[in-house]
Each structure stands twice: as structure tokens, then as C-alpha cells.
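**Student:** The residues making up each chain are set out below.
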Amino acid sequence: MLGTMSHASSQARVRARVSRMIPAGLWSRLLHADTFQDLSVQLRNSPGGEDLASDDPSVLERNLRARQAVAARSLTTSLQGRARELLAWYGRRFDIENLKAVVRAIHFDLDRERIWSMLLPLPEPTLPWRTLVETGSVPGLVDRLSATAYGRPLAPALERYQQESSPFFLEVALDLFYFRRLLRLIGVLRKKDRTQAERFLGRWIAVQNLLWAFRYRDHGGMSPEEIVNYTLHRAPGAGVDMVRRIALGSPLAAEAARFGFVLPDGAEGLDALHRLERLAAREMRRRAEATLAGPIFHLGGVLAYLFLLESEIADLTALIEGKLTGHPPDELRGRLLREVS
Amino acid sequence: MFVPEAMREVNLFVFEQDLEPVAAAITALDILHLEDIQAKDWKPAPEWREFCEKYLDLAQRLEELLSALQVASRNGEPPADLNPRNDLAGLEAQAEVLQQKVRDWQTRRRDIRRKVERLELAVAQLRLLLPLKAPLAELRDLSHQHLVIGSLPSENLPRVSAALFQIAFALIPLSEQNDRTIVLASTSEEQADVLDRALKSAFFEPIELPPEAQGPPEEALPFLEQELRGCQAKREEFEEERRRLAGELGPQLLELRRRAQANLRLAEAIRRFPRRGEIYLIVGWVPASRLKEFHCRARDAARSRLVIEVLEPDTTRQNVPSLLANLAWLRPFRGLVTTFGISAYGELDPTLIATAAFVLMYGMMFGDIGHGAVLAAVGLALRKKSSALGAIAVAAGASGVVFGLLFGTAFGYQLVSPAWLRPMDEIRTLLLTAVLAGVALLNIGFGLNLINAWRSKEWPRFFLEKNGLLGIALYWTLLGGGVAVGLGLMRIGVWASAGLCLCLLMWFREPLAAKIWGGAVVPMGEVIVTGFFELFEAVIGYLSNSFSFIRLGAFAVAHEGISHMLLLYSGGPAGWLVFLAGTVLIVGFEGIIVGIQALRLEYYEFFGRFFQGTGQPFVPLSFKGGHDATVGVRA
Chain B
0 MLGTMSHASS
10 QARVRARVSR
20 MIPAGLWSRL
30 LHADTFQDLS
40 VQLRNSPGGE
50 DLASDDPSVL
60 ERNLRARQAV
70 AARSLTTSLQ
80 GRARELLAWY
90 GRRFDIENLK
100 AVVRAIHFDL
110 DRERIWSMLL
120 PLPEPTLPWR
130 TLVETGSVPG
140 LVDRLSATAY
150 GRPLAPALER
160 YQQESSPFFL
170 EVALDLFYFR
180 RLLRLIGVLR
190 KKDRTQAERF
200 LGRWIAVQNL
210 LWAFRYRDHG
220 GMSPEEIVNY
230 TLHRAPGAGV
240 DMVRRIALGS
250 PLAAEAARFG
260 FVLPDGAEGL
270 DALHRLERLA
280 AREMRRRAEA
290 TLAGPIFHLG
300 GVLAYLFLLE
310 SEIADLTALI
320 EGKLTGHPPD
330 ELRGRLLREV
340 S
Chain S
0 MFVPEAMREV
10 NLFVFEQDLE
20 PVAAAITALD
30 ILHLEDIQAK
40 DWKPAPEWRE
50 FCEKYLDLAQ
60 RLEELLSALQ
70 VASRNGEPPA
80 DLNPRNDLAG
90 LEAQAEVLQQ
100 KVRDWQTRRR
110 DIRRKVERLE
120 LAVAQLRLLL
130 PLKAPLAELR
140 DLSHQHLVIG
150 SLPSENLPRV
160 SAALFQIAFA
170 LIPLSEQNDR
180 TIVLASTSEE
190 QADVLDRALK
200 SAFFEPIELP
210 PEAQGPPEEA
220 LPFLEQELRG
230 CQAKREEFEE
240 ERRRLAGELG
250 PQLLELRRRA
260 QANLRLAEAI
270 RRFPRRGEIY
280 LIVGWVPASR
290 LKEFHCRARD
300 AARSRLVIEV
310 LEPDTTRQNV
320 PSLLANLAWL
330 RPFRGLVTTF
340 GISAYGELDP
350 TLIATAAFVL
360 MYGMMFGDIG
370 HGAVLAAVGL
380 ALRKKSSALG
390 AIAVAAGASG
400 VVFGLLFGTA
410 FGYQLVSPAW
420 LRPMDEIRTL
430 LLTAVLAGVA
440 LLNIGFGLNL
450 INAWRSKEWP
460 RFFLEKNGLL
470 GIALYWTLLG
480 GGVAVGLGLM
490 RIGVWASAGL
500 CLCLLMWFRE
510 PLAAKIWGGA
520 VVPMGEVIVT
530 GFFELFEAVI
540 GYLSNSFSFI
550 RLGAFAVAHE
560 GISHMLLLYS
570 GGPAGWLVFL
580 AGTVLIVGFE
590 GIIVGIQALR
600 LEYYEFFGRF
610 FQGTGQPFVP
620 LSFKGGHDAT
630 VGVRA
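If you're matching them up, the sequences are chains B and S in order. For the first sequence, numbering that gives the first Met the number 0 begins at 0 and goes up steadily by one. For the second sequence, numbering that gives the first Met the number 0 begins at 0 and goes up steadily by one.
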């Protein structure tokens, strides 16, 4: 009974939220906006655009990202049981994002107000962000987090951070902690919910794992054993075997092909990774649209909406940056995840 | 008791200087349901978000200290003189002083713990090495084998094995403590770098044998054991010091936490108040019966002028919260309704009637003196753990006993002559009674819908909808008229004509309602299609909803049948065991199924007629946390 009511409620909320997304006609106007200011005005007048009232591009981008955090938090309350637990944990990705920003900023001794302005404005304070920013030292920050869920993964990485003075070890500890728990929570879902969660979250995690492995190998210059230790071993379709292959030198195009992504000949380096990221994001967008076109009982509808929203935010961010750098619409069009005329 | 308490919207304009005393006074009352409003030029003050975070942090730190000192927690009344803005610095300074005192003890205790852990590990290693007569210095300097001992996070252990896929190695877990596993890892000297890299990237911390351990293991061991005993004795001293610190600092820490938590709640409330210049606006709902008290307390708390606007709720525009004033004995049964939804403001609260219907339906399906008594006893035992579940089980069990007396059975045995009937002997009477009970309940639902529609002045719903007057007329024409035709009391032509007329009215009720009361005009093509299907669904619904109650009788028959069968099997070898297991199965398994069926009838057949349950719960500002504020208690 409770489950049925929860699914009905989440379906209603998702439908209502989808109807408030940016309509097709507006995308074209945004693409052809003359300047960033013009785009900003149009965005402000878009459905639900009141919270985008800023002329500062970085504030605007952060507010856009915060939309996703708000949506995840709000939709969590419409679910029950394990699906609710999973979505609540998914929403922690924004905490992790902010925490990594705080670690990095404190490590590089940035001004406190500047750190504060870099953080995503999350809907409810889950951590005492202001206090964390004011900690002043990375060991102090880890000590302050010791009573939270993040204390356990950070404590062992702290020694390595102190030895090598690199925030990478704390960031990787946070990422692994977050994604491993996310995978565990997917694994204990009921069958229908699990299938949908694997379709969206599972695929997302797998692509992240693939990208990490290549970045560690090609740009971090890490040894195979380090690459294996700093990646996920049980990501669906991208487990330890894939990581070992990459660690031993498997080319990006070959690994991308196993995922069904075709990279152009000769694509390599950072550019190839960016292309792969875009292909994966487009695939996720298609999956989300296909799911939302049908009945959206079960967790799939909520996840589809969140990924569709993520693609909307990614496109808006690309447009904002494109307008600031003065790129023409034709050039910008190729950077978008959606087809815009 | 039958409708949520009358509410009034209050808009309280407070000068900044009075903000904290007024907020504290109204929070202490527990009667203001705060509304978050969005109005031009009125924005919450960002500094209160920071206060919230700082108080949250302070409260967490104090909680950690109390937990480290093992001070028993107790909740007290909120302090009278709260001032989140001015209190913060003082509270943080006091907390810092106490934290310093505790931190010193914590650091020394942590160091000694680590030393004990290392010594214990060293002693364990040396015991393994006892057969070796070589000095430890030589063991530390192996030339062909690379050997390390240390600890890593337990969850990283399989990751290290996976990372060492290119070399031969040995990885032996020795013991596990506090999420870390102590391991002995070894490989050939040539592969030492690979092993070290894999271990390091799994956050491995090496453990060295204490340098003071010299000579062969049999000489070093007694020395280390003595060191270990010394450190363990020190641990006892630390425990004694903890007790002393808890006695000395505990009361101060508890008082600080009480103030920090109360200030946190206040800051969380103020964070939601929008501000314009020097004036804060507090918008919310207060029960009309306590408006005067609210007014007086707010005014007394303010030093300067305070403006309070009181408005009647506009239910067409606003989502007014519902505060249900149930009788205390009825409170455990609220869950039967709130699982479905919360009464909207102005909507009838069906708790009493839903409870009565549930208990009666349950008893009818589970009628047995013995099984009912067992269920009631289980309910009594459950009351300490869950008062709601316990009370429902007691009431359902008691109802089962009453119906057991009507059926004359105890544990399936014909104990007394039935006061009414034996289900298996008079199945037809029982099923007919069940349907009649359903018809009665549905008509109560129709009646309640008329009252709800009348109260909310929804005239199309009152007159023309499927649960309104038109629907009732159609229901009785179909059902009552059908029976009358069957008994020869009415001509079929009259029955059919009346039914047809009502069906046509129902079919075209939407344009009719638009004509009478106004509203959007729906295109006729759409009316014809949607109206027909709605009519079809309504007619099918009347019949299926009525006959759905037949399950009350069917379950009563099934219950007696299963109980009787159990009695037969209990006559064989180990009969008492079969009887006991069967009774547990009946009370547990069948008890749950019957509960689900009763709920199903209540939610789909009964509530669907009149109850929308779209209300929002009344959650007042409060210094207390986590209480169910949707329900007021009238003793």
C-alpha cells in the first residue's frame, strides 16, 4: 500500500517537474542569444527561472547545479524504503563535490570568502559548511568531519596527504567511499528498481570508472597497482578486469567500443576523453527521454528526470560559457547534448 | 473531534530588536505552524543560515564530548533567556575551554591505546618468531625477501590483492581492530617496489617492531610483555580519569548542550522569517482557540510595537494545515487514517468511524474466542514497543472474541452454542450479511461525502458527482430497484426508465454543472467520450464496491475451516505441537491477511467515497524535536 502510494506520488512529482523544464522553442532562442546578458534575461524569464537571477556567470552556473541538488532532495521524500535510501545517498554527491572543493581550497590556502563563493548553495545545511571553511587546515578539517559519515574514509587518507602534500588522496578516498556505497545500495534494491538504477546510475558509475582509469594512466602517470587501487572494482560492465586492461595499456578507443561508443580515428588524450564524456552524456539523455515517454512507476522515472535535468544543466552551462567566450551558435551547437535548430 | 481545529492565519511584523525574544516566546508555545512565503522585497536574512550552521556544529561537538565522557543524556526545558545572536560567542568560548580539558585527556588516551595496540602486535609477532634463534636485527634486514607488517582499512584488503595482479605475493591478515586489518605482506626483493606501491595506495600504515626490542625473540619477548603490562595499567588510570572528568564537566556540558540545541532550533526558525529593512515577517497558522494566548505572549515578549494581522483562512487559495483534536484513547488508531492521507482543513476526520469499521470487519473475518484472545494478548505485549500497533491488535483481538461468541467457537472447537450462527453451516446468511454491511458502510461514505461537499460549498460535488446526490440516487435505483424488481415489487420498465434517466444525467453532468454553476465548457465530443467512460466506471464501481464486502463472510468461513482442520490434525502424534504451530500460523499469518483485507475495504471501498486526505500536517515551531504534532490530545 505504502509502496503504491509512494510510486504514485513520485510519478506525479516527476511529471510536474518535467513540465517545468526548458521548452524546445526556448533552446533555440538561448542558442541564438547575442550575449551572455541576453541569455541570462531569457533564462530568468523561463519556467522556474526566478532562482537564476544573477548576472554573475559563476553564480548562475552554481545555482543551476544546485537545482539538481534541490530536485534530488525533494524527490527523495516521495520514495520509500531502499529506493529512498539510494536516492538520498545519490544526493550526497553534491556534499562530496563541496567537500572536495573545500579540501582543495584549504590546501591551496585560498581566501575564506572565495572558498565560500565556490560552494554549491545546497538546499539544507547537511554539514556545517561555514565552520568547515573556517577550519584553516586540512588535518583540522578531517578532524572536524570525524563524527560524520565522511570521517571514516578520510582518516586513513590523511597520513598519505600529509606525506605527499596532495589533496588527491583525500578526494579519491571520498569518491571511492561515495561510489562504493552507491553500488551497494543499488545491489540491495528490488528487481524492477534495481534494473532501472543499473540502467542509469550503474551506467553513469561505469563511465566514471573508465574515465578515472584513463586519467590516472595518461595524465597522472600512475602505476598499474595504483590505478587499480584508486578505481572501482565492481562497477557494472566496468569492473576490475577493465581497469587492469587499461592499467596495462589498452587504448581508449577499444575500451570505449566495449561500451558501444565510437570515437573518431586518431582521437586521443584529453580531447578524446571529453568526446567520450559527451557521448556518454548524450546516451544518458536518450535513455532518460525514452523512460519518461512511457509509464514511470518505480525508481526509473525519478532517476530519468534527474539525469535529464543534469543534461539540461550541462547544456545551459555550455551555452553560458560559449556566450562569454563569444562562440558563434554553429560552433556551440556541437557542444550541446541535445539537437537545437 | 470530527473536523480539524479551526485555524487563523497570523502575520506578525516584528522589529529586529524584538526578533529573538518574540521568536523564543512563540516557539515555546508549540502552536505556530510556520509558512514559507515568497514576496517581493521580503527575503530571509542570510546571517541566520550561518548561525544555524554554527549552532549545529557546536551542538555536534558537545554531543561528541558527552559521548566520549559517557555522560548520560537528559533533556530539559529550554532556557528562558535565549538569544542566538549574542549567545554564540560565549557558548563557543565555554565549549572550547571544556573541549581543551577533554582533548588533553583524549590525546593521552589515544596515544596509550596506540602504544598498547603496537605492543600487543609486537608481542604476537615475537611469539610466532620464538623458534628462531637469530637476533631481531638480522630479521629486519632480510636480503631476498621483502616483508612488511602494518594495518590498512579492512575494506581495502581485497583491493590490494586485486592490485597485485602482476606479481607473486603473500598477504596474510593477522587481526582486525576498529575497521582496520593488520596484515603481513611479503614478496621477493625484486618486486618490493610494486608491493609497496600497492600497499601505500591502499592507505597502508607500516608497523615497526619497537627499536628497544633487541636480541633473539626469546630475550626480547619478556621485555615487551612487561612494557605492555605497564601500558595496560595506565589504561585503567585513564578510565578513572574519565569518570572524574565526567563528574566534573558533565553538568556544564549538559547545560551548554541544552542552550546550544535551544538556540539552534530558534535560529532554524528565524532563518525562515523573511525580512525587509528592520522588520521581520512571521507568517503562519495558529489554532483559533489559542490565538489569544499567542497574541499575549508575543506582545509581552516584544519591547517595542508589534503588529499582528489575523486572517480567516481562504481554503480555495491556501493549504491550511490540519490539527486533529482526537480523544486520547483514539490516538493510537490515527495510523489507520494517516497511512492513507491527512484530513484537509475543513474535511471530516474519519478516525472514529474508520476505527469502528476496521475493528468490526476484522472481528467478523477473525471470529474465534481463542484466536481473538491470543491476538489481544499479543497486542498487550506489543504496547510497550508500539502503542499504536498494540492498541490496534488489542481492539481487533477483542472484536474477534466478540464474533467468536456470536459464532460459538474457540480455537476452532465448538465451545458454546453460537449466539448468532456457525459460519460453515449458514454460509448464505453470512455472505448476505457481509454484503449488507458493505452497503451500509458505502452509504455512510456517501453521507460523509455530502457533508464534506456541503461544508466546502462544492455544489457540483454535492449534487452531481458519482458520490453526490445523483450518485446515491443511481446507486439505490440500480441496487434497491433491482431487488424490488426481483421480488416483484416494481415493474422492470419503471426501473429501467428511472435508471436510464439517471445514467443520462450522470453522463452529461459536466456540461450541466458548467451551465448551473459556471466553469470551463468542455467540447461536446470530449464530454460524450469521457462522460461515457466515467459513467461506466461509476456503475461498475457501485456493484463491485458493494460485492467486495462479500469477503467479510468468505474469510469468516475460511477461518473456521482452517481452525477445524487444525483441530483434526492435532488429534495425531505430537498433537499439541501441531496445535501450537498451527495456532501461531493462524494468529500470525491469517491475522495479517485479515488486517490487509480490512484495510483494503476501508481505503478503496469506503474512503474512496468521501475522503481525499490531501491535508498537510500541522507542525508547530517547537523546542522539542520529533513529536507528532498533527494530533492534539484532548484528555
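Hints may contain errors.
Said to hold, decoys possible - A few chain S residues that face chain B, going by a derived Cβ cut-off under 7 Å, partial list only: (1) Leu55; (2) Glu116; (3) Glu119; (4) Arg158.
What the hints assert, rightly or not - Chain B residues, not near chain S, derived (Cβ > 12 Å throughout): (5) Gln67; (6) Ala70; (7) Arg103; (8) Pro127; (9) Pro155; (10) Gly236; (11) Val242; (12) Gly259; (13) Glu309; (14) Ala317; (15) Arg334; (16) Arg337.
Don't read these hints as lab results, they were simulated from the structure. Just so it is clear, CB atoms sit at the ideal spot from N, CA and C, and this is done for glycine as well.
**Student:** Work down the list of hints and note, for each, if the structure agrees.
**Tutor:** So, going through the hints one by one against the coordinates:
1. Leu55: Holds, about 5 Å.
2. Glu116: Constraint on Glu116(S) not satisfied, violated at 15 Å.
3. Glu119: With a closest approach of 20 Å, the Glu119(S) hint is violated.
4. Arg158: Given a least distance of 6 Å, the restraint on Arg158(S) holds.
5. Gln67: Its Cβ never comes within 12 Å of chain S, the nearest being 20 Å, so this holds.
6. Ala70: holds (18 Å)
7. Arg103: At about 19 Å from chain S, Arg103(B) clears the 12 Å cut-off, so the statement holds.
8. Pro127: violated (4 Å)
9. Pro155: With a cut-off of 12 Å, Pro155(B) comes too close to chain S, as the shortest Cβ separation is near 4 Å.
10. Gly236: holds (17 Å)
11. Val242: Given a closest Cβ separation of 8 Å, the condition is violated.
12. Gly259: holds (26 Å)
13. Glu309: holds (26 Å)
14. Ala317: Ala317(B) is indeed farther than 12 Å from all Cβ atoms of chain S, at 30 Å.
15. Arg334: holds (35 Å)
16. Arg337: At roughly 30 Å from the nearest Cβ of chain S, Arg337(B) sits farther out than 12 Å, so the non-interface label holds.
Violated hints, in rising order: 2, 3, 8, 9, 11; the structure is consistent with all others.
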